[in-house]
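K.L.:
In case you want the letters, here they are:
4 protein chains.
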Amino acid sequence: MQHFDSDYMEGAHPAILEKLMETNEEKTPGYGTDAYCARARALIREACGCPEAEVFFLVGGTQTNATIIDALLRSTQGALAADTGHIATHEAGAIEASGHKVITIPHTLGKIDAEAIDSLCTTFYADANYEHMVEPGLVYISHPTEYGTIYSLSELKAISDVARKFKLPLFMDGARLGYGLAAEGADLALADIARLCDVFYIGGTKVGALFGEAVVFTKPELAKGFFTLMKQHGALLAKGRLLGIQFETLFTENRYLDISRHAIDMAMKLKAALIDAGYALHIDSPTNQQFVVLDNARMDDLSKQVSFGFWEALDADRTVVRFATSWATREEDVDALIELL
Amino acid sequence: MQHFDSDYMEGAHPAILEKLMETNEEKTPGYGTDAYCARARALIREACGCPEAEVFFLVGGTQTNATIIDALLRSTQGALAADTGHIATHEAGAIEASGHKVITIPHTLGKIDAEAIDSLCTTFYADANYEHMVEPGLVYISHPTEYGTIYSLSELKAISDVARKFKLPLFMDGARLGYGLAAEGADLALADIARLCDVFYIGGTKVGALFGEAVVFTKPELAKGFFTLMKQHGALLAKGRLLGIQFETLFTENRYLDISRHAIDMAMKLKAALIDAGYALHIDSPTNQQFVVLDNARMDDLSKQVSFGFWEALDADRTVVRFATSWATREEDVDALIELL
Amino acid sequence: MQHFDSDYMEGAHPAILEKLMETNEEKTPGYGTDAYCARARALIREACGCPEAEVFFLVGGTQTNATIIDALLRSTQGALAADTGHIATHEAGAIEASGHKVITIPHTLGKIDAEAIDSLCTTFYADANYEHMVEPGLVYISHPTEYGTIYSLSELKAISDVARKFKLPLFMDGARLGYGLAAEGADLALADIARLCDVFYIGGTKVGALFGEAVVFTKPELAKGFFTLMKQHGALLAKGRLLGIQFETLFTENRYLDISRHAIDMAMKLKAALIDAGYALHIDSPTNQQFVVLDNARMDDLSKQVSFGFWEALDADRTVVRFATSWATREEDVDALIELL
Amino acid sequence: MQHFDSDYMEGAHPAILEKLMETNEEKTPGYGTDAYCARARALIREACGCPEAEVFFLVGGTQTNATIIDALLRSTQGALAADTGHIATHEAGAIEASGHKVITIPHTLGKIDAEAIDSLCTTFYADANYEHMVEPGLVYISHPTEYGTIYSLSELKAISDVARKFKLPLFMDGARLGYGLAAEGADLALADIARLCDVFYIGGTKVGALFGEAVVFTKPELAKGFFTLMKQHGALLAKGRLLGIQFETLFTENRYLDISRHAIDMAMKLKAALIDAGYALHIDSPTNQQFVVLDNARMDDLSKQVSFGFWEALDADRTVVRFATSWATREEDVDALIELL
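Residue numbers (the numbering used here), protein chains in the order written: chain A, 1 to 341; chain B, 1 to 341; chain C, 1 to 341; chain D, 1 to 341.
Isolated chain A, as found in the complex (with noise of 0.2 Å):
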């Protein structure tokens, strides 16, 4: 039986495990104090070509997207984001939950584009009740986004300077960056996300980590407070250290890109064969997401030998489903894969 259903199936990087097992017995303080959270800190500083970034540890996306967003808006502001976009959906009202609304722009194969959210804001403050309203608060983008599409370099100077001209901070869910990062023909680096955004986090969990998301922070000052509210949030780990020494490892040696660029090495040969054998894509996707048309038949028959993702059902006999690669996928995998295709 194979499995590509999702690219958080299996533990972490052999390296980061060594790690663990090597320091295991030593003793640190606790909560991101210590010496491993300190260099890996440095690490990622230095990997986006920000030098006063401020960094901080979380465990998992939701918890971090909760906090940030917490952290960023007033009790009147929400979070503007694609109405696909995990906060929307997927986080079980986490956003809300701290009080703060989730404001929904239509999404273009899970992306939002500059001129829609300078057109809301255009409309929200030219609306002659907009004092009755949720102001805008923040950008909430997603890269790549849930639907495997990344943003491009113009894309995201376009989105940010509309945020910068309604002095809205942005911020970009990473849970996936490698995986944006690497992506086939993406144009989109490190150091541009942090120029370009005000926050943003490195996925860990679903690109070699056992877990972890490292929140980089490029405007200082919007930190301020933000270790109690991780507090407040129940996202500030006892054991900190176990953070800091898993992404001290992703960020030696370019073990981050690299394992993100074997996981679209995977991906894309997959996608190769998915098209050489037929089968239509339901999006065109450059990352470690590949969005594939079934037949119902053909689904069920597959899915006696291989695991993926239920997606949506296009139509009563044909379904769209999920094949993702990760870090960690093997080549024999995918070879079998595409053996049974």
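Source of the hints: derived by calculation from the structure; they are not laboratory data.
Model, not experiment: these values are computed from the prediction.
Just so it is clear, CB atoms sit at the ideal spot from N, CA and C, and this is done for glycine as well.
Simulated pairs of lysine-lysine, DSSO-like, Cα-Cα distance not exceeding 27 Å: (1) Lys167/B / Lys224/D; (2) Lys165/C / Lys224/A; (3) Lys224/C / Lys167/A; (4) Lys157/A / Lys219/A; (5) Lys224/A / Lys224/C; (6) Lys219/D / Lys167/B; (7) Lys165/A / Lys224/C; (8) Lys219/A / Lys167/A.
For the chain C half of the interface with chain B, some residues (derived, Cβ under 7 Å), not all of them: (9) Met9; (10) Glu25; (11) Ala97.
Once you have looked at the hints, place chains B, C and D on chain A.
P.N.:
Positioned in the frame of chain A, the structure of chains B, C and D alone reads:
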């Protein structure tokens, strides 16, 4: 200068002011525990044909919506509402501030239909990831809607049926309820509403009172703890008798419906005149709100002699405006407005 | 039967009702944008000697406390208050419902002192773990307190100094402010309060109005976004002029202080009679609230002819009860009560 | 340099790391739906003698407390806790951020007793204004407490009885549960806790795991919707098996109790040596936390060779410090510390 901006521009029905004068020096206990509130509750229960109903008096619409929704929902549940619903648009995030998501459904002239609710709930529970999402927790409708449209008895019956199918309390925002009950062609009576909804409120602010909304829980068990929740939401008036006196007065001698009928009569007279004068109606409303398309030049001209509500720009040259009548609108003012058209 | 239960048993000062009658048919825009509110704001700014103040009108005390505190605090900050403070005890968790902790300080007859605040803050920042704790974010005091005591000018000055030392806004709950200003021996004037506090409110509900609290931000920058926050808290009255009319009336011809002085005169007459008759005062209050120790048998007897507030059981045989006078208390009723003693 | 600062300074028990290594390349579904979690749940149910229990795995203590309390309380209810309870002091307002008040009870060495709970509840419901106040909604205790003290079986029985009398769920914070079960003189077993509490958690972070807390609802109906609430609170780990593997390992071959016992043995050895050396104990603790009074000069001296926790200044010359042992403490390190005393 004539004023048709909204239905909350004047004070209160004279009978209410007289009663306030007359009782001003009386000493009563606070927080709705007085005899006026008791009588008003009895009159409302009777008017609703629902002797077991629990009735509470609050001050304004937004606080009433937020308090009721907070009472009915668990933390991970949301309120289904039209995307044009007041709670989704013009309450400054009051629902989210209590921790709840508004789950929007596309509207048809401000209304949602049973089928859309059924489809949304069916799809929700069919989703493999539904436990990662905000669960539908109640159905919110406004009657009349923000677009001046009304639900028919059969429409409300269908919505009530689907709500019960999914065990969702049905909550009707009746900020303008009188104008819905008295609307041209309305076939929905107060007793129908009480039978089909689990909770609703009878708007006073826009229908004859200085302020005040009477909340009717037709299922008393849903009202458990509501008094304390009102206090927590800042919705418990110290001198509660002011609300009791107002609703007692409105529900004496059929006053609530009579004054609502007057507003409708005035609106229908205006509507007929608008049609006669060749204006295009944007929405064919049977209620006290009339939405008319005006050329911008005409609008500017008219606005020198009458004030009205700006609704939306239709295109570069034309605007939709709203004329609202109320219980207090004088026929001579409607005639004066018609003269100007 | 006489009633001395509380100071919110009657309606409003006759001049207010007359004005409401007189203006009833006027049409004004909503939400506090009318001319009555504008004039009331100007009168209040003048009475406070604070021309730059931002003034808002809300309906009741709990909603006012919750909205102001929500406006001033970040998510991880709390409100310092006496453990007997209204926000700590009798608001059904309204502060916590907005996500904020009330950090309590032991009281002395309802008051807190500068030294206790200084000590708490000094200890807090000296704690190695303070970043794991709720940070002091503002100081809340009530004047008069829930125990009918008042702050002197020097006490308030000291509290203001320590609040500024720790950069904590000082917020005074003035639900009974008139009775504090007019209290026997009071040396604290409105202009002092405006100078020493960052925000406070002038209670109307208990001092001559049907309802209403006038919030004064003496530092306008603290009021940023307050209008929308009022809307979110359900604290924005649609027919805002009702509040404007009431406060305009109260701040015309020194009415607010005059009627407060009357309540104090009545309370002092009662207090003298109580002492003469040999009753023990539980608290030596210079305000409209008088706390008296009664033998239980005497209390039961008295309660057949006069209603009063139950305060607390002193021991098995004696109870503390509260007699409250108000702007509306008639001298003949005080005389009748004295007769009964 | 020796380190006795806290019980979360090392990584995990070697058996856990081995198992993580061994299973690293396995592919499992996420969010706790894997076979490791299933087995860990079964082992915990068995250890608790509670086959019907619902078991969930979360990452850290603060998020666990906040999620459980949010699950159990209605909006107007609060959590009764010792004023020294972790939720009342060191969780940065996590409970209030979910909208709930912590209602504090004075502690005795970190503990509360049944009588105090009974008295508080009785007084509460006897208060004429109780509907204006936050209602007691659950009882929170920590075992061992923050002061290193433990409840006896009869004490817990009494608390459980009074909680049931007032229909309050009893929730035990077991962040250090192992050290309570294994404490010197403890007569409270896991099965007793399961029988007497409605929900509790078995701490992993401080007792052998890298991280993780196992929540046990002994009344399954209280767990309704808990999975989604975990997601909302950011407390649902994507790679849930990491928690399953850890708790399966800890609950195999009696490991959880055995390693806890080791920590206690080390603490008792240290305690005896402290007494022998003439030090004064601040608290007579039977657990892994020992609180000792040191002259400040001695403390400064000692701190050059050993790190420990600062607890509180006793007076100008003396300080209370905490030495904590853990499952990982080596006897040779305790001996080395004893040498230094």
